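Chain residues, written in single-letter form:
2 protein chains.
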Amino acid sequence: MSENRTELESLGEFGLIDHLTKQFENRNSSTLVGIGDDAAVVSISETEAQLISTDMLIEGVHFNLMYMPLKHLGYKAVAVNVSDICAMNAVAEQITVSIAVSNRFPIEALEELYEGINTACKVYNVDLIGGDTSTSMSGMTISITAIGRSKKTNISYRSGAKENDILIATGDLGAAYMGLQVLEREKEVYNANPAIQPDLDGHDYVIERQLKPEARVDVIRFLKELDVVPTAMIDISDGLASEIMHICKSSEVGCHIYDEKIPIDAKTSMTAIDFNLDPVTCALNGGEDYELLFTIKQEDFDKIKGNPHMTPIGHITHKNDGMYYIDKSGSAIELQAQGWNHF
Amino acid sequence: MSENRTELESLGEFGLIDHLTKQFENRNSSTLVGIGDDAAVVSISETEAQLISTDMLIEGVHFNLMYMPLKHLGYKAVAVNVSDICAMNAVAEQITVSIAVSNRFPIEALEELYEGINTACKVYNVDLIGGDTSTSMSGMTISITAIGRSKKTNISYRSGAKENDILIATGDLGAAYMGLQVLEREKEVYNANPAIQPDLDGHDYVIERQLKPEARVDVIRFLKELDVVPTAMIDISDGLASEIMHICKSSEVGCHIYDEKIPIDAKTSMTAIDFNLDPVTCALNGGEDYELLFTIKQEDFDKIKGNPHMTPIGHITHKNDGMYYIDKSGSAIELQAQGWNHF
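Protein sequences appear in the order of chains P and C.
When you read off a place in the first sequence, starting at 1, and then add 48, the result is the number in the working numbering.
When you read off a place in the second sequence, starting at 1, and then add 48, the result is the number in the working numbering.
Any given hint could turn out to be false.
Claimed, not checked - Taking lysine-lysine and the DSS-like style, the derived pairs with C-alpha atoms no more than 25 Å apart in a straight line are:
1. Lys70(C) / Lys260(P)
2. Lys315(C) / Lys376(C)
3. Lys353(P) / Lys376(P)
4. Lys70(C) / Lys170(P)
5. Lys70(P) / Lys170(C)
Quick caveat, the hints were computed from the structure, so don't treat them as lab data.
Given the structure is predicted, the values throughout are model-derived calculations rather than measurements.
Build the full structure now, drawing on both the sequences and the hints.
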């Protein structure tokens, strides 16, 4: 080992993986796209490709078993990986699941976890085809790989957005983040006094969005029926602002998005206000909604107009125009990966 | 969670995964084989399939950083997954690598790990196409998925062995296990007195087999050139006896293997004797050699006869004849997954 010591935090997750893999070269003609999008793309025939995505979930980092029931954890672990395949405009068909657990977990706990995994497999029509279980020194780690398939011409990359394309978000945003805030607050209350019953009343919707997010395979199927291939696509796992910036940077374009267009459920807004938070900030920066963000050509807009699951939130501009959020007063605010700066 | 508590140890690794996944059903016609072989098989066209295998390696369980340099760990993590694809008579083309590390590791440590991964990618001609890095609460976890491709008619399953087929082992066996014994002994010595220099002299071969095992892609290519498709195949990760039993149980056959035929390197034998161990016991029960075990039809034997990398060690018998090891005196001893019983 070299004598220099650089802390991991100094690069951030994306910087770190870029740094570690910059020396790697692809050697197989079947490898169409490697690291850098929601899923890798492997050619399987002249016209078809496979989408492959992998994720590791770690107890204490990505989930907390104090408020995450194991059944929900199993379901969510599958859903977020299926969502990565959706983000390429494809549908997952297979998954592998590897689990490492310390012996503090009895078999009954793993049965609950696998019950959630099985429920998600049924809902998303995916087959569990492999994986292993092993002992860990502490806690639980889950690693999932999802595999989907698509015509090559139907795959949507992050990099395909063009000037004047329309930005669409599915569902509503910020709910999963507010669900987490409610759960964290009740955990604090419980830790301070375990005799107090948790007060989750009226927060069912945001809690469910946090504990049991859904992958939008329905949207992928709908787009196929409508014969719309998004020019670019990503799933919203880290917050709307960060995902828009990923698309704009990969596509070398700018954007305008409009405050009043961002879809936020009334229950999310109420919870945000209850926590003295701005609902739009929660939608822009709160993660784990697993909704889809995509761009379509203007001529495709009539096909999806009025669909209750899809909301136009802005449009793509020239790269030199920058990435802007337009607030209710009409002021343009530059997008930032976390929050934004007025100028 | 139910009130019953059953300890994980009570089922064993294979029993546990069978138990947890017995409710799962396959729904996609592209899923040809799920859990139960070295890799899953997914149909990608009328004539071709993909082989997909996944593995999780956990610090303190599967590797010990006290004597496993990170570069070797990265190399080995790729090699063992490439080996799983070899075990289906195919060659890996892509891998994904996910890493979780605590912040006790500086970036320089991960650079070494990825250097080993990159070296293995070059040697085995595989492309790193995805994965992520994240924080762990303690230690290091590596999850790798390997993807290969093959004509459907060339895939060798564990279940295809037939009576009178010849059992072949590649390379030599027991070396990785003896390497582990040497490293463990020196670790004990070091722990007792850190001033004493490790005495690894004369053990280079067995240590290298433990720290830097190779996947036998050369054997897969060789079999292809010779136009030999093994009737059944597995890689030797848990010891020869256990792997033979997997093939026999999956194929519903018995076997005879011969003590004097088992390929053991002279350096492995010397180290075993030094440790008061029987070399054949080490070959039968010591894991991590990552050699291949396969069966071929008698009529294919002439094609591989005399090949220095492939040793015939026995033959397949009727299921009712049982699974036997024939010792030097000609006595038949029933094979056991760990050790064996005289009768």
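Right, here's what the structure says about each hint:
1. A threshold of 25 Å between alpha carbons decides the hint, and for Lys70(C) with Lys260(P) the separation of about 24 Å falls inside it, so the pair holds.
2. Only pairs whose Cα atoms come within 25 Å are accepted, and Lys315(C) paired with Lys376(C) is accepted, the gap being roughly 21 Å.
3. Simply put, Lys353(P) and Lys376(P) have alpha-carbon atoms about 23 Å apart, close enough for the 25 Å limit, and the pair holds.
4. For a cut-off of 25 Å, the pair hint linking Lys70(C) to Lys170(P) stands: about 14 Å separates their Cα positions.
5. Between the alpha carbons of Lys70(P) and Lys170(C) the distance comes to roughly 14 Å, so the proposed pair stays at or under 25 Å and holds.
Of the numbered hints given earlier, the model fails none.
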